[in-house]
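As they're listed, the protein sequences go chains A and B. Residue -15 in this note's numbering is what sits at position 5 of the first sequence, and the numbering runs on without skipping anything. Residue 102 in this note's numbering is what sits at position 58 of the second sequence, and the numbering runs on without skipping anything.
Some hints could be false.
Said to hold, decoys possible - Calculated pairs, EDC-like style, for lysine to aspartate or glutamate (alpha carbon to alpha carbon, straight line, at most 16 Å):
| # | chain 1 | residue 1 | chain 2 | residue 2 |
| --- | --- | --- | --- | --- |
| 1 | B | K116 | B | D57 |
| 2 | B | K107 | B | D78 |
| 3 | B | K119 | B | E181 |
| 4 | A | K190 | A | D244 |
| 5 | A | K196 | B | E46 |
| 6 | B | K115 | B | D71 |
| 7 | B | K115 | B | E165 |
| 8 | A | K197 | B | E181 |
| 9 | B | K186 | A | E189 |
Simulated from the structure, these hints should not be mistaken for lab results. Owing to the predicted nature of the structure, the values given are computational and were not obtained by experimental measurement.
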Amino acid sequence: MLELLNYEFIRNALIAGVLIGISCGVVGSFVVVNRAVFLAGGIAHAAYGGIGLAFLFGFSPFLGATIFALFTSSLLAVAIQRWDQRMDTVIGVLWATGMALGTILIDLSPGYHKDVMSYLFGSILAVSHADLFMMTLLDTIIVVIIGFFYKEFLAISFDAEFAMTAGIPVRVFQFVFLWLVGLAVVMMIRIVGLILVIALFSIPPNIAEKLTSSLKKIMFLATALGIGFSITGLLVSYHLNTSSGATIVMLAAITYLVFLAFVDLATRYRRHFTGTDLR
Amino acid sequence: MEVDTSLPAVSFDHVWFSYDSHVVLKDVSFSIKDRDFFALIGPNGGGKTTLIKLCLGLLRPGKGNIRIYGKKPEKMRKILGYVPQNPNPNPSFPVSVIEVVLMGRLSRVRIGSRYSKADYEIAIKTLSRVGMREHAESPIHKLSGGQRQRVFLARALATGPRILFLDEPTAGIDAPSQNMLFDLLNELNSTMTIVMVTHDTVAISRYIKTVACVNQRLFLHEEGKITKEMLDATYQCPVDLIAHGIPHRVFDEHNSSSGKSNTSYRESITKSLHKVEGDSYTKKDKKKE
């Protein structure tokens, strides 16, 4: 097992696993408690438009994805403030439009694009030094901003209106939060691909949420789980020779299901022996 | 924060408000005295919550002026306490009681800095005040409806308010909790103005000093100020809202108006308002002066 560490691409992949674990734990926890998983999915898929644009004009697809993710985040932040009751529609439209735009732009760009698949499903084994540098930078931005304004983010997530009466610029924070989601999404596209991003955003915080009821602990636990899923998934995919992104997501999903079944059994067991079943 | 208590706690000067093209408040002018216990009643969609949100600076009036002790609501945030009707629709939100109460200190702590030790002490003190001290570390979702309402009251009190706004604080909580809440509010009323949206007639009859009915327009039921227009206009309030429980102490014969002349109606209202207005407040205040 340890001899795997001799390969540079494996070392890079492992470091990348740790880095996305942090972003999915920190941002994902806020996404889950804000019931915004679908919103994160919308941003991820809309980012495909930016990847298409990058293919057509020949610049870095990650720059394209970042621009589109931030643009979509901003649109969504405006939409939340104007059409809060219609958010599912707004997200759905952006989700599909981004994918359609990306597909068309890639069709229009010259050459054959085999590597498009790596943006859809991730390619952790192709992570370069430059990627790692970018991911560390994005993680730092995310952790510093959330850490610095934790009290405000918590208050707004819990009761935005009350935060507004206290003079907190809630709208500004909504923009910042969605930008952070956008940045985390772009980071994770590299590893699990834009189609699978929401699994890593939702599964670790969801498991953590059932184990503790403090948001800070949820963030730490979700980070640990995210790192665990990425690294274990990576090693499993190496041995089974399967796609790394899909393997990481499958591993997370199976763990989630087993965990839910266990929680359910434990509750029944407790009820059975303490007679607290009120039905 | 010092306030000039000779000025009205809240004053509305010809305030209009509409959501898009739907007019919610029409030319509302009234004022609330310092340390009044003021109830807003009226039909659903009549504009009660909107009126409170205008006072808190959450909404801006389309026309007219709102003043809190003579200043704009946005400048008075530190003295405004707010207990919203339904603070968080996500019941399993991972937050502890003390964390929620600390949010009451948000207007006093700089953005990006942490709550200080003093903030924690204040939060604990307000929790004791509402009888929830021992639940400080409990997750909010483990509490009953009545307990949660007390925590939200503690959060509002942690701000250190001079005016406390409550939006239907007794909706959906059990009777003992309701009584406890009203006794506490009654106590708090000696140091702060209380403005409350309520459908609770018991509370209106027992504790409240002034009642206003909001239905696009605002009609004040206050001793010595009752006019024929106000009475006529008040009929617009759906009677069932204020006819449950023991309405006759508040608005005698509100629902038998058709058979009576306006004069006798006016007399009976004035009489009943004597009881509601509670001489204690007016007299106490006069003594101080």
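Evaluation of the provided hints:
{"no.": "1", "hint": "B:K116 with B:D57", "verdict": "holds (12 Å)"}
{"no.": "2", "hint": "B:K107 with B:D78", "verdict": "violated (25 Å)"}
{"no.": "3", "hint": "B:K119 with B:E181", "verdict": "violated (33 Å)"}
{"no.": "4", "hint": "A:K190 with A:D244", "verdict": "holds (11 Å)"}
{"no.": "5", "hint": "A:K196 with B:E46", "verdict": "violated (37 Å)"}
{"no.": "6", "hint": "B:K115 with B:D71", "verdict": "violated (20 Å)"}
{"no.": "7", "hint": "B:K115 with B:E165", "verdict": "violated (30 Å)"}
{"no.": "8", "hint": "A:K197 with B:E181", "verdict": "holds (14 Å)"}
{"no.": "9", "hint": "B:K186 with A:E189", "verdict": "holds (14 Å)"}
Hints 2, 3, 5, 6 and 7 from the earlier list are contradicted by this structure; the remaining hints agree with it.
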